[in-house]
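Each chain is listed here by its residues.
2 protein chains.
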Amino acid sequence: MTKNFLINGSSEKGLNPFDRGLAYGDGVFRTFLVKNGCPLLWMHHFSKLSHDLNTINIPSPKENLLLKDISLLFPSSGSFVGKIIITRGVSERGYSYPDNIKPSRILLKSKYNRIPKTLYETGVTLEVCNTRVSNDHDINGIKHLSRFDNVKAKLELSLSAFDGIMLDQEGLINECITSSIFCRYGDILITSNHSRGGVYGATKAIVASKVKQLGLKMKYLNLSLKELKKADEIVITNSLFGALQVTKINNSSWKVFDLSKKINCLFNEEN
Amino acid sequence: MTKNFLINGSSEKGLNPFDRGLAYGDGVFRTFLVKNGCPLLWMHHFSKLSHDLNTINIPSPKENLLLKDISLLFPSSGSFVGKIIITRGVSERGYSYPDNIKPSRILLKSKYNRIPKTLYETGVTLEVCNTRVSNDHDINGIKHLSRFDNVKAKLELSLSAFDGIMLDQEGLINECITSSIFCRYGDILITSNHSRGGVYGATKAIVASKVKQLGLKMKYLNLSLKELKKADEIVITNSLFGALQVTKINNSSWKVFDLSKKINCLFNEEN
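Heads up: the protein sequence lines correspond to chains A and B, in order. Each residue of the first sequence is one higher than the one before, starting from 0 at the first, in numbering that gives the first Met the number 0. Each residue of the second sequence is one higher than the one before, starting from 0 at the first, in numbering that gives the first Met the number 0.
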């Protein structure tokens, strides 16, 4: 059987069930495309991984070690999805842990189920979820493993929805279950500021750093659903599908403009 | 080496790292004492486990299967801490999962680090944490694996604090990091109603069901810190230490009364 994971560089054994990633969601993760053995947008993913680990005081593994894992697990041809999970490590029962605890380094390989190409032309439908993002305002938009909110939100979605909008505790727009969301009003591009939790994703950081190339100005603001309806266009992004135009949210609809195409060009430049 | 875990009844291999317990905290757990091979307060723990699993649509394992696991892993003499983790199971990457997904059943054995006996006489100190309980009002106080809030709260505590009070998103008292909290005002015993998240623990359910034996009436109410200060006495409970009197919270202090002793008697009756 082809191996599909490495734990601390080895595929011999499964995860120690005393790992704090399982016990408490005490760790972070990144999901990314691996094409012909190369992790796409790697610089951004490694930077985000280090940022997130640093925020919650888990030592980051060396970049070389992660790249070595990737070269061992992924073949040199074909497209796959890679997922890196770094947990605080294994500890005895209880929320405390010893000072010398060693992080666990997990790499997973999955099939890449490409979304239908037509969606890049037709755009996608979103729904607004009842489940809200927890108020993690104090941890800088990190992507930790405690994602039960997202599991709950996903369970709510009807089959016709591509993704779901998650509001924050105040009822303002935060992010989608699996993607970041951007609303354009004239030459202003608005996205949430994570002052009330949610993940500040790698693709969001890329759009933010290159917003001038789009001829736009970025503004970080938590919009209401009423304000969202007035947007000229809406785009969602993540590391697997890139950027997609949103054409329908509940009873509101939008025509397909070209912002998602421009953003996909930005992403391609990065690889 | 003595085995200290069973995964689906076997100690051969570690956990499949594609398990959704690790990926998303998508599962629930129970922690309990095992004395001379017997899981204490078992009826309450199994009932709470089934309730929690049912709430999030994960099939509950048969009681016999869990008891068989316990008999295999724990020796017939001595005191240990048992932990049962049930996750939704193993799935491919992404929040979705197939209809026929099979839950993972994990049993862990840990040392029982008894708290100093003197604490039952002197009482304990609490601190109020900045980290708040996430607003999981829609899942009935279940104890899921997404516990990063609790990890954060624990990191805040100074060494002199036995446990930390966690407030809800409105700033009202919800629970402690590792225990339930009860405040007595005359013959009224107040505990939080979980209308804004937090865990409705097994020991809380026992106190609620036997409150008449304490000569008290139970009221479910989310108290402010200001109201807390006016309590005649305060007690915290969990399955490992039982009940403890609280004698200090920040600048407020209480004398040791006998409510914790009475509650410990109730717990003993249950075994």
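Keep in mind that the hints were calculated from the coordinates and are not lab data. Please note that the accuracy of each hint is not assured.
When chains are identical, the list treats them as one kind, so a pair holds in a single copy or across two.
[Claimed, not checked] Quick list of in silico lysine to any residue cross-link-like pairs, SDA-like style, CA-CA up to 20 Å: (1) K67 / E11; (2) K110 / Y94; (3) K254 / L118; (4) K101 / L154; (5) K82 / R92; (6) K211 / T54; (7) K110 / I57; (8) K67 / L265; (9) K116 / P97; (10) K261 / V127; (11) K110 / S95; (12) K67 / S252; (13) K2 / K12; (14) K12 / Y219; (15) K67 / N237; (16) K225 / L66; (17) K61 / I138; (18) K101 / G13; (19) K254 / E232; (20) K247 / L171; (21) K12 / D137; (22) K228 / T117; (23) K116 / P58; (24) K254 / F79.
Against the structure, the hints come out as follows:
1. In this homomeric assembly, K67 and E11 come within 20 Å of each other (Cα to Cα) only inside a single copy, at 17 Å, whereas the closest approach across copies is 28 Å.
2. In this assembly of identical chains, the alpha carbons of K110 and Y94 lie at most 20 Å apart only when taken from different copies (15 Å versus 35 Å within one copy).
3. Proximity of K254 to L118 under the C-alpha cut-off of 20 Å is restricted to the intra-copy arrangement: shortest distance 13 Å within a copy versus 67 Å between copies.
4. Taking identical chains as interchangeable, the C-alpha atoms of K101 and L154 lie at most 20 Å apart only when they sit on different chains, with a minimum of 17 Å there against 34 Å within one chain.
5. Within a single copy, K82 and R92 get their C-alpha atoms only as close as 26 Å, which misses the 20 Å cut-off; across copies the closest is 8 Å, which meets it.
6. In this assembly of identical chains, the alpha carbons of K211 and T54 never lie at most 20 Å apart, being 29 Å within a copy and 47 Å across copies at closest.
7. With identical chains, the CA atoms of K110 and I57 are never at most 20 Å apart, being 29 Å at best within one copy and 25 Å at best between copies.
8. Proximity of K67 and L265 under a CA criterion of 20 Å is satisfied in neither setting, with 27 Å inside one chain copy and 57 Å between copies.
9. In the homo-oligomer, the alpha carbons of K116 and P97 never lie at most 20 Å apart, since the shortest distance is 49 Å inside one protomer and 24 Å across protomers.
10. For the homomeric pair K261 and V127, neither the shortest alpha-carbon distance inside one copy (26 Å) nor that between copies (49 Å) is at most 20 Å.
11. For the homomeric pair K110 and S95, the shortest alpha-carbon distance between copies (15 Å) is at most 20 Å, but the shortest distance inside one copy (37 Å) is not.
12. Taking the shortest Cα distances, K67 and S252 never come within 20 Å of each other, neither inside one copy (46 Å) nor across copies (56 Å).
13. In this assembly of identical chains, the alpha carbons of K2 and K12 lie at most 20 Å apart whether taken from the same copy (11 Å) or from different copies (15 Å).
14. Proximity of K12 and Y219 under a CA criterion of 20 Å is satisfied in neither setting, with 44 Å inside one chain copy and 47 Å between copies.
15. With identical chains, the CA atoms of K67 and N237 are never at most 20 Å apart, being 25 Å at best within one copy and 45 Å at best between copies.
16. When the C-alpha separation of K225 and L66 is checked against a cutoff of 20 Å, the pair qualifies neither within a copy, at 45 Å, nor between copies, at 54 Å.
17. Within a single copy, K61 and I138 get their C-alpha atoms no closer than 22 Å, and across copies no closer than 39 Å, so neither meets the 20 Å cut-off.
18. In this assembly of identical chains, K101 and G13 lie within 20 Å of each other by CA distance both inside one copy and across copies; the values are 17 Å within and 18 Å between.
19. Taking identical chains as interchangeable, the C-alpha atoms of K254 and E232 lie at most 20 Å apart only when both belong to the same chain, with a minimum of 8 Å there against 63 Å between chains.
20. Proximity of K247 to L171 under the C-alpha cut-off of 20 Å is restricted to the intra-copy arrangement: shortest distance 18 Å within a copy versus 39 Å between copies.
21. Proximity of K12 and D137 under a CA criterion of 20 Å is satisfied in neither setting, with 36 Å inside one chain copy and 37 Å between copies.
22. Taking CA atoms no more than 20 Å apart as the test, K228 paired with T117 passes in neither setting, with 24 Å inside one copy and 62 Å between copies.
23. Taking the shortest Cα distances, K116 and P58 never come within 20 Å of each other, neither inside one copy (40 Å) nor across copies (37 Å).
24. Taking the shortest alpha-carbon separations for K254 and F79, neither the intra-copy value of 32 Å nor the inter-copy value of 63 Å comes in at or below 20 Å.
Violated hints, listed in ascending order, are 6, 7, 8, 9, 10, 12, 14, 15, 16, 17, 21, 22, 23, 24; each of the other numbered hints is respected by the structure.
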